[in-house]
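Novice: Could you put together the complete structure from these sequences and hints?
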Amino acid sequence: MDNLGTFLSVLSQGLPFTIIATVGGILLTIVLSFVAGLALLSSSKTVRVISRIYVEGLRGTSEVVQLFWIFFALPVLVGFQIVPIWAGILVLGLNHGAYGAEIVRGAVQSVPRAQVEGAIALNLTPGQRMRRVVLPQAVVEMMPPFNNLFIQLLKSTSLLSFVSINEITRQAQQVLVPRFNPQAFEIFLLLLVMYLILSLVITAIMRTLERVAAARVGRRPSARSRRQATGAGVA
Amino acid sequence: MPSLDKTVAEPMIVFDGVEKRFGDNVVLSELSFTVAPGEHVCLIGPSGSGKTTILRLLMTLEKCDGGTISVAGQSLSHMTHNGRRVPADEKHVRDVRKRIGMVFQQFNLFPNMTVRGNLIEAPTRVLGMSKDEANARATELLDLVGLGDRIDSHPTQLSGGQQQRVAIARALAMRPDVLLLDEVTSALDPELVAGVLKLLRDIGSSTDITFLCVTHEMGFARDFSDRVMMFDGGRVIEDAAPEKLFTAPEHERTQAFLHAVVDR
Amino acid sequence: MNVWDWSFAAQILPALLDGLRITLIATVLGSLIAFVLGLVLAILGRGPTPVRIVVRAIVEFIRSTPLLVQVYFLFFVLPTFGVVLPALTVGVLALGVHYATYTSEVYRAGIDAVPRGQWEATTALSLPRMRVWTGVVLPQAIPRVLPALGNYVISMFKETPLLIGIGVYDIVGQVREVGGQSFRYVEAYTLAGLLFLLLSYPASLAVRRLERRSAVPR
Ligand SMILES: Nc1ncnc2c1ncn2[C@@H]1O[C@H](COP(=O)(O)OP(=O)(O)OP(=O)(O)O)[C@@H](O)[C@H]1O
Ligand SMILES: [Mg+2]
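Protein chains in written order, with UniProt numbering: chain V, 1 to 235; chain U, 1 to 264; chain G, 1 to 218.
Keep in mind the hints are simulated off the structure, nothing from the lab. Don't take each hint at face value.
[What the hints assert, rightly or not] In silico DMTMM-like pairs for lysine to aspartate or glutamate, Cα to Cα no more than 25 Å straight-line:
id	chain 1	residue 1	chain 2	residue 2
1	U	LYS91	V	GLU117
2	U	LYS198	U	ASP177
3	U	LYS63	V	GLU102
4	U	LYS98	U	ASP208
5	U	LYS63	U	GLU183
6	U	LYS98	U	GLU183
7	U	LYS98	U	ASP202
8	U	LYS131	V	GLU117
9	V	LYS45	U	GLU19
10	V	LYS45	U	GLU90
11	U	LYS98	U	GLU217
12	U	LYS98	U	ASP149
13	U	LYS98	U	GLU10
14	U	LYS98	V	GLU117
15	U	LYS63	U	ASP89
16	V	LYS45	U	GLU217
17	U	LYS63	U	ASP95
18	U	LYS198	U	GLU217
19	V	LYS45	U	GLU62
Specialist: Here's what the structure looks like:
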């Protein structure tokens, strides 16, 4: 057990990459989810079709394939290599944004039609109806499924070890295991616990945000926990 | 009470040969009627006869399949562009809609805003009022509906009757020429109904707003309106002053309907 | 060098299809484990409080941590206990266990949806415990969770490529091989992506259809 300190410090060296990839990926996911999700509800058929192609295309292909495609095929096509961590964030965001788009679409559609009609009766513009009335209510519904999605994204950052990004999984598998093979159990258990803690942090943040958003629409924070929102099957 | 010149002046609301279908279900056909400025008209009739549909057409929540609807001389579905009659664009619709307010059966207050937010949202964003002006107006209207102390409450913290009062204030905040009321008391507990109806009577007598209301409260229809229209099967089967319609209805269907409602 | 070479694409296709075979095998076997183990976890999760807490904790732990790390865990840790298994077997085990935590939630929701009256009726009839599950509860619960299970099979199919981490030569493994030899990555990875899309998109359409057909009012 005296190697535990070494394990911890080597794994910690990978932590910044894991965290940057997670946070960056989440930010890009949020942007793409809203853009593509609202596009799925657009009145223009062209916009809807383009968004549908993005969503189905990225959900239909494997994330690992997308990762390798961006790392190995894209540079051939565009003529330069993207900085690895940026490429990693790009893949995480593109992939999870496609799942997030469906979350946004579903939540917007779940806002009662009567709310939109109330806004029409007050003569708000279509943009104002969406921004001021529909989205603030939809956001509450989005929180539990987004929590799940972000945890999926955190887990996906481990794939970046395939493309030489020195995040925590790569630190364990490339640096520690070759040196301390008999202690693989301790190494990977420690690694798993680090992921568990990170995912608990995400859940804690999302629960807080959900409570804030729910209070703003005058609702008690829903009893719906993470488990129930899992049905969608984002993996 | 309508004075004589009001009925001669240009009507505030005109339905001319309006048709509305939902799929194969013809809800309104060849419907024509007018409402004079400042007139109070109640629509009564059996469930499913198309009363709500009329209000929703006026509020542009539905599109009509034929005929024309105009408010203050402007068509809801068409506009004049370079001297030609063309389908209305969003801007034209919004222009006409400015004159119309609506209060819903289920209130439809925005839960993501306080009472104040609900009241100042449209005045500031649609009418371009300043925040101060809109706030002053909100306070004034809440005092009018008897909720001056609840301005910073959330809609969910209010009773149904209070929510409906806020919804009425919210509609008035837009200074509409026409106010549409769709069974505004039917989602309320019985003891709250009288208060809301009294409020509407007060507003009716102190403003010159044109009212078009759907109601099942025959007592209210009788003393609030200048005219009552009885609907059945998507057409007006009787259109008369309340004293006449309630005491000596001409049409058999009206008699049967009033019988059923009063004997309830 | 032009970007896309059709003859090269045609030339590598057989190798990719061969890899796809491995991917499908892993998915099918992994799904079988996930279906069975998930059901066991779901039923245990309704057991007495201590069992329930332990099961829930294990499920939460596995769900919240990356499949890839769990794959490595089994791959590197099992041998230290003297258990040496082929990489594909390790991969199938990891896929199965990881997805069992997802399917257990699906089963749980399905079982919760069986009306209370059904349980009460089994008590009234004094049915034996085993019969309650096999004769009454599961026959009602499982049909309505089939679409959700189907979705997880599709998800697993798309996640299988991470087994290259332990050297399983599935479709992506083949791509790396042929792409690496010739330095023609565009055709290889694009084809691999298309193959995934070709299988998973129709599959998810089928699941959506099943969903609509078996949609039960909640
Ligand atoms: N959105 C819709 N889609 C399909 N049919 C509709 C829709 N809205 C109304 N209808 C139909 O139109 C007819 C008239 O409905 P409407 O709501 O106007 O009746 P109403 O007179 O207001 O009845 P109530 O007194 O019950 O409120 C009914 O047959 C109804 O089924
Ligand atoms: Mg109605």
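Novice: Against this structure, judge whether each hint is valid.
Specialist: Here is how each hint holds up against the structure:
1. LYS91/U - GLU117/V: Holds, because 18 Å separates the two Cα atoms, which is no more than 25 Å.
2. LYS198/U - ASP177/U: holds (20 Å)
3. LYS63/U - GLU102/V: violated (29 Å)
4. LYS98/U - ASP208/U: Roughly 16 Å separates the two Cα atoms, so the pair holds.
5. LYS63/U - GLU183/U: Distance of about 21 Å is within 25 Å: holds.
6. LYS98/U - GLU183/U: holds (22 Å)
7. LYS98/U - ASP202/U: holds (23 Å)
8. LYS131/U - GLU117/V: Holds, because 24 Å separates the two Cα atoms, which is no more than 25 Å.
9. LYS45/V - GLU19/U: Roughly 29 Å separates the two Cα atoms, so the pair is violated.
10. LYS45/V - GLU90/U: holds (19 Å)
11. LYS98/U - GLU217/U: violated (28 Å)
12. LYS98/U - ASP149/U: At roughly 29 Å apart (the allowed maximum being 25 Å), ASP149/U and LYS98/U break the hint.
13. LYS98/U - GLU10/U: holds (18 Å)
14. LYS98/U - GLU117/V: holds (15 Å)
15. LYS63/U - ASP89/U: OK: LYS63/U and ASP89/U at ~13 Å, within 25 Å.
16. LYS45/V - GLU217/U: violated (46 Å)
17. LYS63/U - ASP95/U: holds (16 Å)
18. LYS198/U - GLU217/U: holds (12 Å)
19. LYS45/V - GLU62/U: Holds. LYS45/V to GLU62/U sits at ~21 Å (cutoff 25 Å).
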